[in-house]
Structures are given as C-alpha cells and as structure tokens.
Amino acid sequence: MTEELHIVFVFTTHPDQAGAPCHHRTAVILPGGSFSGATSQRQCNNPKPQTDLRHSVFWDKDFSGIDLHGTLLDNVSLRSTNLTGCNLGASLRGADLRWSDFSKSQLIDADFSNTNLFHTTFDGAVMDRARMNKAYLFGARLNYIRARNANFTEAFMKDLNMANSDLSGSIFKDGHMLRAVMIGSNLSDADLRNTNLTGSTLENVDFSRANLTGASFRGVTLFETSFSGSNLDKADFQDVDLENMDESRFQEAINIPEYLQKMLSQQINPGN
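Okay, so the sequence shown: first residue is 12 according to my numbering, each after it adds one.
Among the hints, erroneous ones may be present.
Stated by the list, open to error - Pair by pair, the computed Cβ-Cβ distance ranges are:
#: 1; residue 1: R190; residue 2: D120; range: 27 to 35 Å
#: 2; residue 1: D244; residue 2: R190; range: 20 to 28 Å
#: 3; residue 1: D73; residue 2: K273; range: 49 to 57 Å
Said to hold, decoys possible - Okay, derived cross-link-like pairs now, PhoX-like style, lysine-lysine, Cα gap no bigger than 25 Å in a straight line:
#: 4; residue 1: K245; residue 2: K184
#: 5; residue 1: K169; residue 2: K115
#: 6; residue 1: K184; residue 2: K145
Quick caveat, the hints were computed from the structure, so don't treat them as lab data. Even for Gly, the Cβ is constructed at its ideal location relative to N, Cα and C.
Produce the complete structure using the sequences and hints provided.
Here it is, written out as structure tokens:
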C-alpha cells in the first residue's frame, strides 16, 4: 500500500528587521517526509541563490550585489528594492518590481514575464535572452543595457527611456512603445511586427534588417535612424517628422510605403 503524501503550505506575515513586511512561507510534508521549502526570517533578510522565495514580500530593501541565480521569485514583491549589481538569472514571473533598481545586474535568461516594472531601472544591466513577455514597463529605464535576443512580446513600454543599448535580435512583436525615447541604440535584426511606436523620438537608432511589418511610426520623430535592409510591409509612417533622413537611411529596405518614398526624395530635392 502506497503511503499518501500531503504538502501543507502555511503563510504568515511579519515585519523584517527594517520594519518592512516580509511573508514567511513554510512547507510541512506529512507523513514521514522531509521538511523543506521553508522561508525563514533569515532568508527574508538575506535571500540565497537556488531557493524558493515565491510569493514573498520584500519592500524597500537593499539587496545590492547579492547572488540570486536560479532562485524562484515568481509573484514576489520587490517593490522599491535596490538590486544593483545582482546576479539574478532567476524566474520572476508575475512579480511586483515597481520602482526597483536593477542597474548593472546580470539578468541573463531571467524570466520577467507578466511582471510589473513600472518606472523600474535597468541601466547598465546585461539581459541577454531575458523574457519580458507581457511585462508592464511604463516609464522604465533601459539605458546602456545589453539585451541581445531578449523577448518583449506584447510588453507595454510607454514612456520608455533607452540610450546606447544593444537589443539586436530581440522580439518586440505586438508591443506598445508609445512616446518612447530611444537614442543611439541597436535594434538590428529585431522583430517589431505590429509594434506601436506612436509619438516616439528615435535618434540614431539602428533598425537594420529588422522586421517592421505592420509597425506604427505615426507621429514619430526620426533623426539619423537606419532602416537599411528592413521590411516595412504595411508599416505606418503617417505624420512622421524626418530630421536628417534621406533615402540612404533606407538602403535595401523592402516594401517602403510610396508616400514615405516621396517624403524621402523631398529631403534631397526640397523644391520638388
């Protein structure tokens, strides 16, 4: 006869040493099994890598420089937390990360799917292959980051700030980047199909070989931005403001809208 195994999760809330809330999660395995999965007071104040901290709450904490690789942080609350310089190749699906600071952190292969990243800072972070699917990045800062082959599918990135960053090969399909400010950044070979960049300012951005099918650049300011080799099928450039832009910025691009071609030619021959 097989002995039935029961797992009971008990959640309590207590203040940590700084007075901020920290959820204490205990797993009790019955009958006769080992005791595992506990989140102790010590873990709340000094979390460790390769641990399960799902559903815990850490507010206004300073975890700068700590190693949390492989940690399960799904649905955790790290609101207004200092995580600068961390190793955080971890799962943070559904987490509340509003106003937190991940500057100069190692976030390679991290999973931020469905997270709340309202006004979160990633300046100088390494985010290669990070998963940001459906993340809420309103007002986020992505300056000087490296996020090659990252996935921002359906992410909401209104009022995004990005400067001198490398997001080559990344996916932004069906994303919302309204009023974004992007300067000197590399989005070559990126997938921006049906991405909405309405009202954005794009200065010295590289969209070389990017798939921009169905993307909206309506009302966008373009300054010295490259679309060489990109696919502009059904892309919307209505009311775009072209500054120091001409046909050379669109070399070998395909499916350029006719009205955009006319606008570009007028940049060369303004009297025509």
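Evaluation of the provided hints:
For R190 and D120, the Cβ-Cβ distance of about 30 Å falls inside the hinted range of 27 to 35 Å, so the restraint holds. As the Cβ distance of D244 to R190 is approximately 24 Å, the hint placing it in 20 to 28 Å holds. For D73 paired with K273, a C-beta distance near 56 Å keeps the hint of 49 to 57 Å intact. Taking the CA atoms of K245 and K184, the gap is near 14 Å; set against the 25 Å cutoff, the hint holds.
This hinted pair checks out: K169 and K115 have alpha carbons roughly 22 Å apart, not beyond 25 Å. At roughly 10 Å between alpha-carbon atoms, K184 and K145 fall within 25 Å of each other, so this suggested pair holds.
Violated hints: none; the structure is consistent with every hint.
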